[in-house]
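Using the hints, position chain B against chain A.
Spelled out from the first residue to the last, the chains are:
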Amino acid sequence: MATLIQQIINGLSLGSVYALIAVGYSLVYSVLLFSNFAHGGFLVIGGYICYASLRTLEMGIWTAGVLSIVGAGVAAILTERLAYRPIRERTNVTLYLLIASMGMSIVIENIFVIVAGGRFRALPAVIPTSPVDFFGLATTSAFDLLSLAAAVIFLWGLQLFLSKTRWGLAIRAAAYDLRIAGLMGVNVNRLISIVFFVAGALAAVGGIFLSVRYTLYPQLGAITIKAFVAAVIGGLGSLPGAVVGSLILGLAEMLTAGFISSQMRDLVVFSLLVATLLVKPAGLFGKSVSEKV
Amino acid sequence: MSGYAEGIIVLLCINAIAAMGVSLLTGFTGIFSLGHAAYMALGAYTSAILTVKYGLHFLPAIILGAGVAVAVAYFIGVPTLKLMGDYYAIASIGLGEAIRLILENWQSVTRGARGYPGIDAYTTLPVALAFLVVLAIFMFNIINSRFGRACKACRDDHVAASLLGFNTARIRVTSLMISAFYCGVAGALLGGFLSFIQPVMFDMMKSTELTSVVVFGGLGSMSGCILGTAVITLVTELFRPISQYRMLIYGAVLVIIMVLRPEGIMGNREFVSWIKDPLGRRSK
Chain A
1 MATLIQQIIN GLSLGSVYAL IAVGYSLVYS VLLFSNFAHG GFLVIGGYIC YASLRTLEMG
61 IWTAGVLSIV GAGVAAILTE RLAYRPIRER TNVTLYLLIA SMGMSIVIEN IFVIVAGGRF
121 RALPAVIPTS PVDFFGLATT SAFDLLSLAA AVIFLWGLQL FLSKTRWGLA IRAAAYDLRI
181 AGLMGVNVNR LISIVFFVAG ALAAVGGIFL SVRYTLYPQL GAITIKAFVA AVIGGLGSLP
241 GAVVGSLILG LAEMLTAGFI SSQMRDLVVF SLLVATLLVK PAGLFGKSVS EKV
Chain B
294 MSGYAEGIIV LLCINAIAAM GVSLLTGFTG IFSLGHAAYM ALGAYTSAIL TVKYGLHFLP
354 AIILGAGVAV AVAYFIGVPT LKLMGDYYAI ASIGLGEAIR LILENWQSVT RGARGYPGID
414 AYTTLPVALA FLVVLAIFMF NIINSRFGRA CKACRDDHVA ASLLGFNTAR IRVTSLMISA
474 FYCGVAGALL GGFLSFIQPV MFDMMKSTEL TSVVVFGGLG SMSGCILGTA VITLVTELFR
534 PISQYRMLIY GAVLVIIMVL RPEGIMGNRE FVSWIKDPLG RRSK
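In order, the protein sequence lines correspond to chains A and B. At the far end of the first sequence sits residue 293, using the working numbering, and the numbering has no gaps. At the far end of the second sequence sits residue 577, using the working numbering, and the numbering has no gaps.
Note that these hints are calculated values from the structure, not bench results. Since no wrong hints were added, every one of them can be taken at face value.
Partial chain A-side listing against chain B, Cβ under 8 Å, derived: (1) M102; (2) M104; (3) F228; (4) L267; (5) F270; (6) L278.
These figures come from a predicted structure and were not determined experimentally. Where a beta carbon is used, it is the ideal one built from N, C-alpha and C, also for glycine.
Same shape as in the complex, but just chain A:
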């Protein structure tokens, strides 16, 4: 029983980190209707900025955290400016954006391979990982509870931003129809920059927690595959869907690792994806995806 509760907490904590990544990815998808495969790159950029500011510049975790969030956000804006905007302005073929994002993800990953080296790095012990007694039911790590709390705070912040501010309203309009939002006087280019900044910033938070949980290395971005799958399970483009999908995925992964075998967890993730597509193709919260002709 204690193991079960412990695995559930682990799963929710991992799922909440996935949620941070999946929500940013889903936000970009909802506005531009393409899978931004470079999303994992933003996560790696955030992780390395945090690492460098902690190790080389010897800052505290709060400054380092803010710096990496802003850094990854700016990197996301730059990625959009350099690679996506020229394509976006010329054609509406999303296949080209998809390929360019794949290219950007490889470029970012390999810049870090060349500049920082491919080895695994551990962040200094800035986030406590000491064991905590969880209401006498199970022993869990303080890190798991902290990452769960951080994810809740950031997702709640995003929810406030989207529902209470003018730009949030504009983003919701753009998710409905980008072209019409533009016709209604929204500055589309600035809106897309804001969306990318938010996506990059959330990915950086996820990146910091992932590099504490595992270690930091250039291929860490590959973990966004899980976030993509979570977004599909929840319904592509739906933000609540992305959160719920991520939690389901985190739980499924940790319960498999705890009770069956840790090698099977990725296989379970993939089976969940196929099962969802077979049973409910639009995902749990998705809009209907097949156009009736």
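Showing chain B alone in chain A's frame:
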């Protein structure tokens, strides 16, 4: 001919076969894939196991290997391709990972991560060339057939295509299955060429390489993708000393081509039309 040059030509044939498969799917049907190395892995392992363990002749083994790839493609294509959007792209990454995991962990059959040794070196130069020629002729006929035009219609406007009475979901799945067949054959030939296969040979990097080659050669041009394969295979050989930059260059090439010339080196034109009309006046 020296063994090295012969090896490069065989490798080129194998890469061209795989690239033709990806080109049909990405260039002609407009479906992005990041897991085509998985179909190569299925072809390679099936034919390796059939020839080594059951002593089957390599020809039926290659065909059966490709058949397994086609079956898996059908299984994964039916739920994902009837949806518009990036569902197949995401599922294909998952498929690639899942196949690699199965190959690594199913020790009794695949011998796990250490790889599968002792495959007969059945992929000689004539065999590889013969496969390339036959499959190329077949592919050029496909893209000029009714089915090929239906694929292009699905790529350009799937609503219009279904209004014209095409079953777009079925066309997309069929295109994926043909594409998996080509990659399965290429994988089986690769196993016979190297005599040794390993799950890590068919990772995400291989899938990316396949897509880069097709994008470089031109989305929507079959001869472009063969030309792209030739250029990239040769460039890879020439730049072996700086191989740590190889992936960086692939990535940058993808982005730069998409930004500057998304139609790739050949655009959507073929060699034949290019020879008849070098400036492309007639096609405009």
